[in-house]
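Top line first, the protein sequences correspond to chains A and B.
At the far end of the first sequence sits residue 428, using the UniProt record's numbering, and the numbering has no gaps.
At the far end of the second sequence sits residue 428, using the UniProt record's numbering, and the numbering has no gaps.
It is worth saying that the hints were derived from the structure and are not from the lab.
Misleading hints may appear alongside valid ones.
Identical chains blur together in the list; that is why a pair holds if it fits in one copy or across any two.
Distance condition first, Cα-Cα at most 30 Å in a straight line; then the derived DSBU-like pairs of lysine-lysine [as the list claims (entries may be wrong)]:
hint, residue 1, residue 2
1, K175, K369
2, K341, K228
3, K352, K166
4, K395, K175
5, K175, K282
6, K372, K388
7, K34, K175
8, K228, K282
9, K228, K143
10, K166, K282
11, K166, K341
12, K294, K228
13, K282, K316
14, K282, K301
15, K175, K421
16, K175, K341
17, K175, K352
18, K143, K175
19, K282, K294
20, K301, K228
21, K395, K282
22, K175, K45
23, K228, K166
24, K421, K166
25, K369, K45
There are 2 protein chains.
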Amino acid sequence: MSDKKRRRGDAGASATGRKYRPASRAEELRNQLKSDNEILASLRKICAAAQSSSSTSKTLTLSDLSLSSSCREVSDRDSSSVLQSIERSALDAARSILSGSGFSFDVPSRSSSNQLYVPELDRIVLRDRCSSRPFASLSTVRKATITARVLSLVHAVLLRNIHVTKRDLFYTDVKLFQDQTHSDAVLDDVSCMLGCTRSSLHVVASEKGVVVGRLVFYDDSDRIDCTKMGIGGKAIPPNIDRVGDLESDALFILLVEKDAAFMRLAEDRFYNRFPCIIVTAKGQPDVATRLFLKRMKTELKLPVLALVDSDPYGLKILSVYMCGSKNMSYDSSNLTTPDIKWLGVRPSDLDKYQVPEQCRLPMTDQDVKAGKDLLEEDFVKRNEGWVKELETMVKTRQKAEIQALSSFGFQYLTEVYLPLKIQQQDWL
Amino acid sequence: MSDKKRRRGDAGASATGRKYRPASRAEELRNQLKSDNEILASLRKICAAAQSSSSTSKTLTLSDLSLSSSCREVSDRDSSSVLQSIERSALDAARSILSGSGFSFDVPSRSSSNQLYVPELDRIVLRDRCSSRPFASLSTVRKATITARVLSLVHAVLLRNIHVTKRDLFYTDVKLFQDQTHSDAVLDDVSCMLGCTRSSLHVVASEKGVVVGRLVFYDDSDRIDCTKMGIGGKAIPPNIDRVGDLESDALFILLVEKDAAFMRLAEDRFYNRFPCIIVTAKGQPDVATRLFLKRMKTELKLPVLALVDSDPYGLKILSVYMCGSKNMSYDSSNLTTPDIKWLGVRPSDLDKYQVPEQCRLPMTDQDVKAGKDLLEEDFVKRNEGWVKELETMVKTRQKAEIQALSSFGFQYLTEVYLPLKIQQQDWL
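Work out the full structure, taking the sequences as your base and the hints as a guide.
Structure, rendered in structure tokens:
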């Protein structure tokens with residue numbers, strides 16, 4: 001132990017302690033790094049290719065696949081057209097009542113039996129099954145009433161041109177809604193009925209994402225320059241419909257799972273060395289961050305590279321960004337960003353970068369099960385590289401966090417790991 | 001039910017549905033509102049008084065109370081002085097070893113038996129008990145080794161002038177630390193030993209707070225104008241030592257418990273009508289937000305008004321801002337903001353504003369117990385108004401969220417509730 005102590009003591013004398021530690025592989029990899037200009041040149045080619053291919057090949061839609069009649073998706077619509085739709089449905093109800101037939105809403109089913117994974121689109125959409133919600137029926141009168149009330153509340157919100165949360169909506173009529181799950185569920189119904197996104201209804205989720213780097217955009221008419229947002233970054237706005245005029249000279253978007261890695265990248269101003277936009281939802285992606293990523297990808301046509309933990313959870317997070325959650329499948333085209341590249345930390349990186357044994361964590365049985373479940377998912381099966389990586393993870397039963405790279409020095413992530421990944425175009 | 005339906009239907013026809021709902025008290029209160037200019041004039045007086053009193057009366061310190069020898073607090077120190085202290089402790093150890101007496105660290109005890117609530121300061125501080133951590137003892141050799149290692153790592157971080165997270169620190173030597181709780185605990189020890197804050201060690205927590213409104217500051221030399229941060233606001237930087245040059249023409253700081261209320265205030269640009277700085281940690285306050293609030297309060301000398309849920313949890317959040325958490329009592333002077341005013345939502349507001357019964361929630365037994373526990377806390381006892389409010393809460397067994405005000409219209413919070421509160425100087 002006294003020997004160990006002495007070694008530790010020595011390490012403290014160097015700036016990072018790296019030299020004195022068994023990290024020769026780390027140094028070897030550092031030496032493989034080419035000049036930034038060389039790395040940037042190849043990056044520019046990739047970026048240009050991505051932009052030209054996305055400008056020539058248009059994104060597939062349901063109608064390209066002749067599915068638009070049998071499947072249902074919502075889209076962003078402006079306030080005035082949503083207001084018109086609501087008014088039309090009120091008039092229809094009034095007419096129906098006056099003609100003596102009472103009234104009823106046709107509500108698309110959002111149950112899993114009505115969901116469909118479309119491989120060509122790489123996302124889940126809704127089939128076209130609808131159910132009737134008549135007012136004059138004991139079993140549906142309550143839901144029909146709630147539906148009418150939510151329609152009227154959304155109408156009021158849109159007229160005022162403000163945004164509210166689901167919680168706000170619930171509190172406007174607790175007596176009727178009784179429980180927030182009831183108003184939330186009907187709100188999703190209303191989205192589907194009107195064929196518009198929840199953002200178009202001006203009902204927003206709270207935001208927790210942040211963005212920093214080579215991006216300029218407008219948030220409610222304030223110009224935001226994300227290279228001038230210090231280390232804290234800019235909080236991603238909850239209301240995507242007030243975000244506009246995205247401009248960027250970035251070569252890629254770096255999607256980061258965690259806060260700590262985001263902070264490292266922001267403090268080191270990684271985007272100055274490799275022009276990029278860095279974004280994180282700090283864990284499980286929220287709707288605002290997913291909308292924002294989708295918007296960036298669509299408008300700026302940049303490749304998206306993901307930096308997540310090497311564990312099933314990291315991959316699940318990627319799947320939410322890419323394929324959406326089953327819960328909101330009717331809105332999958334607006335919420336999902338297909339074609340995200342898995343940059344790291346990948347199971348194969350653990351050996352390639354010789355991450356020390358003690359920085360790897362044993363996978364629990366539950367982790368292994370989650371990994372095996374992922375191997376059955378369509379979005380994984382489609383990508384051979386991902387399958388191999390996942391198989392490695394499940395076989396070795398080892399996982400690791402992005403932070404594990406700190407064992408080679410606090411800035412190894414920004415100084416060696418990421419530059420080398422980019423130089424070698426090492427993503428899947 | 002059909003009667004109800006019709007009523008709901010009618011409500012939808014007006015913009016907010018307010019007119020047709022039993023909210024006459026809400027209207028009555030709206031009519032009590034004076035002109036903004038009148039409200040602002042009285043606000044300016046309060047603000048000026050706060051600023052002149054805080055410039056004449058200096059903040060009490062431990063030495064004013066003759067407690068500096070028997071109590072211990074840490075302070076912000078610049079990198080070079082912390083580096084010197086670490087080098088000095090290394091030299092001391094070397095000298096001690098060379099003289100044949102081995103070496104040992106003197107570590108202040110952070111246990112609750114060594115903590116003291118100082119009413120004059122209104123916060124918890126550490127007493128002066130220290131314990132010895134000799135290297136040449138089986139029971140302390142591991143902790144002494146970890147202490148030396150953490151000192152050397154912090155030294156490396158400070159030399160590079162970067163910031164890292166506790167997790168980064170842990171991963172630099174998983175073999176030695178074994179579990180993050182071990183390196184975290186020693187990090188706090190090192191803070192106390194060196195008499196500096198954790199921020200001074202450049203070990204930062206991830207941030208989750210956001211700020212918007214009449215504040216300009218520098219985040220790592222980027223100028224941030226918080227009136228131009230759209231609705232999303234500016235993410236509060238994790239590293240407070242890179243925050244500087246705060247400027248503001250605000251009349252108060254509005255501390256908001258929750259995200260949804262923050263969004264309402266930001267979207268309505270409340271700070272344009274009543275010059276203020278709006279800040280939230282989105283629930284339980286994180287260290288970065290607490291440091292930021294303290295910094296604003298100290299440098300700008302503005303009153304802090306708090307908008308929290310009317311439940312024991314809301315008050316607990318206030319207590320963390322005001323008195324700190326017991327866990328970090330050695331750093332209480334930097335983390336705590338005394339003299340926060342409880343603006344709302346207060347238990348007495350529920351009747352005063354006639355919040356509908358169905359928007360109030362019954363308190364669970366656990367809630368009631370938490371409320372009763374709070375009545376025993378010194379920071380509550382010191383404020384008669386708070387005691388009364390808490391007693392009302394416990395007696396009525398009712399709680400309510402800020403969002404409950406939405407029952408009078410989505411913008412009732414910004415258009416009536418807050419302006420009236422400010423006009424009536426209704427805070428405790």
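Going down the list of hints, with the structure as the test:
no.	hint	verdict
1	K175 - K369	between (43 Å within a copy, 28 Å between copies)
2	K341 - K228	within (27 Å within a copy, 34 Å between copies)
3	K352 - K166	between (46 Å within a copy, 26 Å between copies)
4	K395 - K175	between (54 Å within a copy, 24 Å between copies)
5	K175 - K282	between (36 Å within a copy, 27 Å between copies)
6	K372 - K388	within (12 Å within a copy, 57 Å between copies)
7	K34 - K175	neither (66 Å within a copy, 32 Å between copies)
8	K228 - K282	both (21 Å within a copy, 24 Å between copies)
9	K228 - K143	neither (49 Å within a copy, 42 Å between copies)
10	K166 - K282	both (22 Å within a copy, 16 Å between copies)
11	K166 - K341	between (33 Å within a copy, 29 Å between copies)
12	K294 - K228	both (23 Å within a copy, 24 Å between copies)
13	K282 - K316	both (14 Å within a copy, 25 Å between copies)
14	K282 - K301	within (24 Å within a copy, 33 Å between copies)
15	K175 - K421	between (56 Å within a copy, 27 Å between copies)
16	K175 - K341	neither (48 Å within a copy, 32 Å between copies)
17	K175 - K352	between (60 Å within a copy, 20 Å between copies)
18	K143 - K175	within (14 Å within a copy, 58 Å between copies)
19	K282 - K294	both (17 Å within a copy, 25 Å between copies)
20	K301 - K228	both (23 Å within a copy, 27 Å between copies)
21	K395 - K282	within (28 Å within a copy, 40 Å between copies)
22	K175 - K45	neither (60 Å within a copy, 43 Å between copies)
23	K228 - K166	between (33 Å within a copy, 26 Å between copies)
24	K421 - K166	between (41 Å within a copy, 26 Å between copies)
25	K369 - K45	neither (40 Å within a copy, 64 Å between copies)
Hint check: violations occur at hints 7, 9, 16, 22, 25; the rest are consistent with the structure.
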